[in-house]
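Undergrad: According to the numbering used here, the sequence shown is numbered sequentially starting from 1.
Some hints could be false.
[Unchecked claim] Restraint ranges, calculated between C-beta atoms of paired labels, are given here: (1) 10 <-> 50: 19 to 27 Å; (2) 18 <-> 86: 16 to 24 Å; (3) 86 <-> 3: 41 to 49 Å; (4) 21 <-> 1: 54 to 62 Å; (5) 59 <-> 5: 16 to 24 Å; (6) 76 <-> 3: 33 to 41 Å; (7) 24 <-> 94: 23 to 31 Å; (8) 63 <-> 5: 16 to 24 Å; (9) 79 <-> 25: 19 to 27 Å; (10) 59 <-> 1: 50 to 58 Å; (11) 97 <-> 41: 28 to 36 Å.
In case anyone wonders, no lab produced these hints; they're calculated from the structure.
Ideal Cβ placement from N, Cα and C applies to all residues, glycine included.
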Amino acid sequence: METGQVTIMMPEVKTFRVRRVVVQDLSYTGDDVDRLALWYYLNINPDAENLIIFIHGDWHQTYPQPFHITVEYDNDGQRSRRYHMIKYPDGNFHPQDQPPGLGQKKNKYKKSKKLKKKKNKSKKLKKKSKK
């Protein structure tokens, strides 16, 4: 006797909510947000029940990347990272591939005068010790 396995997909209706976040006086007006939900259910969590999709702003471009919308997903209070979603010619959305480290903001801070003085003193001491 042979044994086999098959994966079946049963159709299931999912309900989700969309919150369009205004960024720089712009918000996404597209009516294809069901494709964003479909991507989440197929790729992240098919069992999500209380999905909220946050769409930040409208289409924009970060050079040299293509035009995209910024999307965040919330499932029962658990927020995802922000995805830069590209719309393919077939109408489906997919996340934009980003090299490691890209999109992470660097922390900029101003050095205090005390730190600068300490650094200068240590340099002067090194020069004196070399002589």
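Undergrad: Please write out, lowest number first, the hints stated earlier that are contradicted by the structure.
TA: 5, 8, 11
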